[in-house]
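Listed below are the residues making up each chain.
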Amino acid sequence: RVTLRESGPALVKPTQTLTLTCTFSGFSLSTSGMSVNWIRQPPGKALEWLARIDWDDDKYYSTSLKTRLTISKDTSKNQVVLTMTNMDPVDTATYYCARSTTVTMDMDVWGEGTTVTVSS
Amino acid sequence: DIQLTQSPSSLSASLGDRVTITCRASQGIGSSWLAWYQQKPEKAPEPLIYAASTLQSGVPTRFSGSGSGKEFTLTISSLQPEDSATYYCQQYNSYPFTFGGGTKVEI
Chain A
193 RVTLRESGPA LVKPTQTLTL TCTFSGFSLS TSGMSVNWIR QPPGKALEWL ARIDWDDDKY
253 YSTSLKTRLT ISKDTSKNQV VLTMTNMDPV DTATYYCARS TTVTMDMDVW GEGTTVTVSS
Chain B
245 DIQLTQSPSS LSASLGDRVT ITCRASQGIG SSWLAWYQQK PEKAPEPLIY AASTLQSGVP
305 TRFSGSGSGK EFTLTISSLQ PEDSATYYCQ QYNSYPFTFG GGTKVEI
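Chains A and B, in that order, are what the protein sequence lines are. Here the numbering used here is used: the first residue of the first sequence is 193, the next is one more, and so on. Here the numbering used here is used: the first residue of the second sequence is 245, the next is one more, and so on.
Do not take every clue at face value.
[Said to hold, decoys possible] Derived BS3-like pairs: lysine-lysine, alpha-carbon spacing no greater than 25 Å straight-line:
#1 K348/B <-> K287/B
#2 K237/A <-> K314/B
#3 K237/A <-> K284/B
#4 K237/A <-> K205/A
#5 K251/A <-> K265/A
#6 K314/B <-> K348/B
#7 K258/A <-> K237/A
#8 K348/B <-> K284/B
#9 K205/A <-> K258/A
#10 K348/B <-> K237/A
#11 K287/B <-> K237/A
#12 K269/A <-> K251/A
[Claimed, not checked] Just a sample of chain A residues kept apart from chain B, beta carbon distances all over 12 Å, derived:
#13 G200
#14 L203
#15 D266
#16 T267
Don't read these hints as lab results, they were simulated from the structure. Note that the structure is predicted; figures quoted are calculated from it, not measured. Virtual Cβ for every residue (Gly too), placed ideally from N, Cα, C.
Construct the complete structure from the given sequences, taking the supplied hints into account.
Written as structure tokens, this is what we have:
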């Protein structure tokens, strides 16, 4: 069974850097065709795709956030890490990680999400 | 970036009704690389449909997807109580991936 779980701080101060970890099981990011995405959702608002990392270490970012985002993977730990610099209150959101595969291409398994509040 | 516009933004329908949600893209989406997700309050989204019209495993057959190019639809053939949720379309034709603004379905 494939599962993903997000972890990270619940509260960060403005200008700080956020580091989120997605820990997964049931698949390996060293397997051809596997990818992990990050998506966020501000309270009461729509989903926003942030970034993706592929099994071959290709990386893709949101146009509006790419200067602030870095995605990386640790295949041995089954983890994907997302960092977001210069946090602002508008970045308050629930952050999700989700798997993609080349079988269906969509995001077929999601974590339950972690809520991050940006406030001084 | 490809912008996705969903309509309506919300709707109210009765049990057994046929419901249709539209997703329009600012550019053509080749190979129908479009997905639909269902999200219930305080829960993570769940995948419903990929490649515009293929149901994810376990999704009830009252859900269907269609469309190509710039216009796609999600249809619920007979609305059930558990279908009360917000529905999102998402394109994975090109980076950056994008989501529609969502359609809230109330019963």
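For each hint, the structure was consulted:
1. K348/B <-> K287/B: Judged against 25 Å, a Cα distance of about 14 Å means the pair holds.
2. K237/A <-> K314/B: holds, 24 Å
3. K237/A <-> K284/B: holds, 13 Å
4. K237/A <-> K205/A: Cα-Cα ~22 Å, so holds.
5. K251/A <-> K265/A: holds, 10 Å
6. K314/B <-> K348/B: holds, 21 Å
7. K258/A <-> K237/A: holds, 21 Å
8. K348/B <-> K284/B: Measuring from Cα to Cα gives roughly 10 Å; hence the hint holds.
9. K205/A <-> K258/A: holds, 20 Å
10. K348/B <-> K237/A: holds, 11 Å
11. K287/B <-> K237/A: holds, 14 Å
12. K269/A <-> K251/A: holds, 19 Å
13. G200: holds, 16 Å
14. L203: holds, 19 Å
15. D266: holds, 23 Å
16. T267: holds, 22 Å
Of the numbered hints stated above, none is contradicted by the structure.
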